[in-house]
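*Asks:* The chain contents come next:
Number of protein chains: 4
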Amino acid sequence: MLNVGLLGAGRIGRVHAQAIASHPGSKLIAVSDALPEAAASLASDHGAAARSSEEIIADPEIGAVLIATPTDTHSDLIEAATGAGKAVLCEKPVDLDLKRATECLNTVSERGKPVMIGFNRRFDPNFATLKAGLDAGEIGKAELLSITSFDPAPPPLSYVKVSGGLFRDMMIHDFDMANFLMGDVPETISAVGSSLVDAEIGAAGDVDTAAVTMTYADGRIAVIKNSRRAAYGYDQRVELLGSQGLLQAQNMLENTVVKSTADGVVGAKPTYFFLERYMPAYRVEWAAFVDAVESGSEVPVTLKAGVAALAMAEAATLSARAGKPVRMEEILKPVAK
Amino acid sequence: MLNVGLLGAGRIGRVHAQAIASHPGSKLIAVSDALPEAAASLASDHGAAARSSEEIIADPEIGAVLIATPTDTHSDLIEAATGAGKAVLCEKPVDLDLKRATECLNTVSERGKPVMIGFNRRFDPNFATLKAGLDAGEIGKAELLSITSFDPAPPPLSYVKVSGGLFRDMMIHDFDMANFLMGDVPETISAVGSSLVDAEIGAAGDVDTAAVTMTYADGRIAVIKNSRRAAYGYDQRVELLGSQGLLQAQNMLENTVVKSTADGVVGAKPTYFFLERYMPAYRVEWAAFVDAVESGSEVPVTLKAGVAALAMAEAATLSARAGKPVRMEEILKPVAK
Amino acid sequence: MLNVGLLGAGRIGRVHAQAIASHPGSKLIAVSDALPEAAASLASDHGAAARSSEEIIADPEIGAVLIATPTDTHSDLIEAATGAGKAVLCEKPVDLDLKRATECLNTVSERGKPVMIGFNRRFDPNFATLKAGLDAGEIGKAELLSITSFDPAPPPLSYVKVSGGLFRDMMIHDFDMANFLMGDVPETISAVGSSLVDAEIGAAGDVDTAAVTMTYADGRIAVIKNSRRAAYGYDQRVELLGSQGLLQAQNMLENTVVKSTADGVVGAKPTYFFLERYMPAYRVEWAAFVDAVESGSEVPVTLKAGVAALAMAEAATLSARAGKPVRMEEILKPVAK
Amino acid sequence: MLNVGLLGAGRIGRVHAQAIASHPGSKLIAVSDALPEAAASLASDHGAAARSSEEIIADPEIGAVLIATPTDTHSDLIEAATGAGKAVLCEKPVDLDLKRATECLNTVSERGKPVMIGFNRRFDPNFATLKAGLDAGEIGKAELLSITSFDPAPPPLSYVKVSGGLFRDMMIHDFDMANFLMGDVPETISAVGSSLVDAEIGAAGDVDTAAVTMTYADGRIAVIKNSRRAAYGYDQRVELLGSQGLLQAQNMLENTVVKSTADGVVGAKPTYFFLERYMPAYRVEWAAFVDAVESGSEVPVTLKAGVAALAMAEAATLSARAGKPVRMEEILKPVAK
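Residue numbers (my numbering), protein chains in the order written: chain U, 24 to 360; chain E, 24 to 360; chain A, 24 to 360; chain F, 24 to 360.
Since the hints were made in silico from the structure, they are not lab data. There's no promise every hint is true.
It does not matter which identical chain is meant; a pair holds if it fits inside one copy or across any two.
Quick list of in silico lysine-lysine cross-link-like pairs, BS3-like style, CA-CA up to 30 Å [said to hold, decoys possible]:
| # | residue 1 | residue 2 |
| --- | --- | --- |
| 1 | Lys164 | Lys327 |
| 2 | Lys184 | Lys50 |
| 3 | Lys347 | Lys136 |
| 4 | Lys164 | Lys136 |
| 5 | Lys164 | Lys50 |
| 6 | Lys122 | Lys347 |
| 7 | Lys50 | Lys115 |
| 8 | Lys184 | Lys164 |
| 9 | Lys327 | Lys115 |
| 10 | Lys50 | Lys122 |
| 11 | Lys122 | Lys356 |
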């Protein structure tokens, strides 16, 4: 039985608490949060104790820590928790600052403790099935990847301002998905972005609509499209052209009902947002983490993968500003030791 | 080159005229119609002559006659044309009267001239592909057939009154489709029907909504559903469950555009009615007739098949009235010699 | 908080135990089973006690009983539990014997305790959405209902022999679905059935492939198709033609991945069987039961509805044997007081 | 009646000949080709005369010329035909050389004769429906366009070498589609390309897999993906995200048959290649040309639009080589007078 401490009792912390509690091999022992009432309430729901993050990290009875705190605390907490011998599952992104994330990676690497980053989409049954099909050779060699990722509505402006921007906050999921599917980081990244959804987002220095093209050392190509708004809901699709065919993961729909009238043939919209769409993925993600910790095998999404996705977000941000492609080595060299 | 005379210059006659004219192996020589202007107009469009049906049948230069006249003339014209040594393609149904149709069959059988009945749906690319899949063993042995056939809107009441009723006029297509797919006529037919679309249809003694269940000697089952009205258009679907799977032929759609908005995901409606849906089938049907005539092989839809479908319509009409299943042998015996 | 006793710790009992345990308004207190170890094991999983059914029914602390025992115990347990003042959710069917079920209904009616029958498909999000669309007038007036319900594979022959036959064991779900959607019981039922899947099923006096047509007092029509085997999985579809359109509930698929290769465009199969397909429905069903009990409103699937579905199964069984339609009044009269 | 001369009797010339012949308002008078037998054969099929291009252009009885000759003759023939007062429909691209095409545009502009470029995809019913939906405001303001255009198999290497490269030969259709849908030419074009399908194509200095991102003055974004090979057939899809929704034009399929077996649910592949997919579009294109000529209104695809698409292909070719975005003004300035 893996005893778990949860750092952060916000919306996503609550999702993870359910996953931890419903897994037969893990037990939620303690919860911390900057708001003591939030910690107390969530802890009480699961028969756990509300404590400080420091206490949780120091508790020798706790084997793993799930970090669901604000992004700017991730690196510190990962370092502290691994320093105390804990296994860690940390929400994405590792950090908004690539230099700090790289330091964290260097620090942690020496300790040999499992640190997994919460790129939950890898565990979505649809994307996982697509990946399995690719690995099984169903479409031959991958050539051209296309990821469509639209949110139903933009976040509050206050969040946009501290989010690190669309590439670090939103597209980072798609960068990780590209790495997952292509099995490599790209060589070049070329990004364009506009503020079409909300002029305030543009005024805050961010974009809300973007397209990124990436090329790989072996000539493969990937394209990612993001928008902060899709009137019809949460649009999450991947398609991958290979030498022998195409694999597509299409949207999950709210239901299977189709209505045909004089006005046309109407089907359901996609499941509304990430909690609806990816709830099963959070459970599979947690199970994969527990499996890796218990078996001593490598976690399926390493801290290094988390840093790679962050570096790609950094490259895309620079590319969109400069209006030209950025080579990944330009980004990675300065932060390499 | 097959010289063709077309008897009947109405809507369906015009469709056949195009098929005849566009086939490289046939030539439209003459057209007749009860309305001389209709014959003249259609003949002129195709560089053909307007003549009487008698003249056409008597013309030794004409090798084949296409009969697209009112139903009550079909048997007489089939007999006359085959008597004059012509190959015949006759629109469905053979007749409204099973006894007369059976006589016609007996008369014609001795002559050895090809007589094909215009069950055009067998030549629809979708149904033909389904049938080919079945014959190729893609779903093992057929077990349970389901045919959905809804018109977009009921015909004029004046037509309903002379149509012979829904089972003879509309469902006869589905009876032939069942025979085509199942490769046999059923043993029992059980029909129910209601007048739900238009009370006037009920007052005229007909039904506008009906379901028929048929059983075969080897235990297989088929279900046919008909409605005279589908608000969304012409609904023409077939599905067949076999021991190793299911084959479905779905509707053709007006276009492939999908619109996703806050109101849902909207696709196009089915192609509107039989001329839109089955236009390609009329051309394939004609080509199949020409092929059979030229090669001397059996026509793909025999007069016997046309009589069988009519007998099934008769059985369904009786079953719906009596409220009990009818055995096909009860229908066929009295008309057999 | 509703304290619940669960009678029956088999496969379906375990599903219900989860639903009870995960509902915030109910608590699983005790479990019984003919196999004491089964009861003990399931009870232990949920911190409940293993007891006899008699003890559970006698316990004044327990407010509701969920009956998931073999069918031939249902009527007795419903009577005993309501006699002890319990609310009851009982798995389908009420009984295999219509007379006994009717007695049970009469006995229970006087007691005024809520008794709900577990027709879980009413709570499937797809069928519930279809029903809501119908009630909202999206397709006008219902006219022609079609239910397709195929199992992936037949049950063991030993089960077939005690199941009461396909109509009572399998199609009973579809009879209830028809009642749910049409809002009425039919006037006539006409059934045909064959043994095409497994000759042993036929030898045991049952059918494995069947079609039923039902007519309603107002002329509406419903068709149900059943097969014990669909090579591609669990096929559960409903479509309803109305005066202004068509509503279809299509299959849930295992995932949304589509693979396009030289061999065709391949999508996922339907979710495999009822546990996969209807797991969410079991939770919604339980929540609806708790709501009704707590609020004192009528349960959404009454014991009367359970008896009605059983009577339809009885009618279909008789119709298939006799080869003619059966009027529902012939079935209901002999058992009415 | 518009008398038409057809220059070029190759594969695409034959397609146009059919469209001309089947249109009630046009008549094919004469055909020319570098291979006299080809001209003679096609002319004979349509009761037309085989002549030289010069004779056709000089014939005062001929009102319109359709140019379906090799690309390097287009500009000369457009100039000659308009000089002789003919209306012109010319196959794409206008020219491989942007400077020559621009000269042609300048020359022709003064003459006021209608010159239409054969971007037939604008007339595909699916793309036309999408455009009509956009214009009707169905998805609000366009924001992010995505065009997928994969050929089933690469052309012969001999063709690749004289084609002008993927961007000028293949993606030029997509550039025009973007202009059609976005109603504007982009401000910047950023292209990447690889040779993944066939190393010989790379050795010949071309790419076979490419992605292009375009930005517009108002911030809108468009992405085009091309591959010379899709194992499953001809993949031609467009999707456009707007402020109020998404419009997608999906592939046409060979038929509507779906096969469900233990191996999955298999549908038909897309219609195989451009002749199958776009045959209806060629007829609509011709009808639109005849309409414009007869009514004196502007042709729906102007020579200017043809030059714009060519300039975009030029920009993409340069961008892919230089590894950086190209501003359209850099391309257009040097060729502007």
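*Asks:* Hints first: check each against the structure and report whether it holds.
*Replies:* Against the structure, the hints come out as follows:
In this homomeric assembly, lysine 164 and lysine 327 come within 30 Å of each other (Cα to Cα) only inside a single copy, at 25 Å, whereas the closest approach across copies is 40 Å. Taking the shortest alpha-carbon separations for lysine 184 and lysine 50, neither the intra-copy value of 36 Å nor the inter-copy value of 45 Å comes in at or below 30 Å. In this assembly of identical chains, the alpha carbons of lysine 347 and lysine 136 never lie at most 30 Å apart, being 39 Å within a copy and 42 Å across copies at closest. In this assembly of identical chains, lysine 164 and lysine 136 lie within 30 Å of each other by CA distance neither inside one copy nor across copies; the values are 34 Å within and 50 Å between.
In this assembly of identical chains, lysine 164 and lysine 50 lie within 30 Å of each other by CA distance neither inside one copy nor across copies; the values are 42 Å within and 50 Å between. In this assembly of identical chains, lysine 122 and lysine 347 lie within 30 Å of each other by CA distance both inside one copy and across copies; the values are 22 Å within and 27 Å between. For a Cα distance limit of 30 Å, the shortest separation of lysine 50 from lysine 115 inside one copy, 22 Å, qualifies, whereas the shortest one across copies, 37 Å, does not. Proximity of lysine 184 and lysine 164 under a CA criterion of 30 Å is satisfied inter-copy only: 26 Å between copies versus 41 Å inside one chain copy.
Proximity of lysine 327 and lysine 115 under a CA criterion of 30 Å is satisfied intra-copy only: 12 Å inside one chain copy versus 49 Å between copies. Proximity of lysine 50 to lysine 122 under the C-alpha cut-off of 30 Å is found in neither arrangement, the shortest distances being 34 Å within a copy and 51 Å between copies. For the homomeric pair lysine 122 and lysine 356, the shortest alpha-carbon distance inside one copy (11 Å) is at most 30 Å, but the shortest distance between copies (43 Å) is not.
Hints 2, 3, 4, 5, 10 from the list above are not met by this structure, while the remaining hints are.
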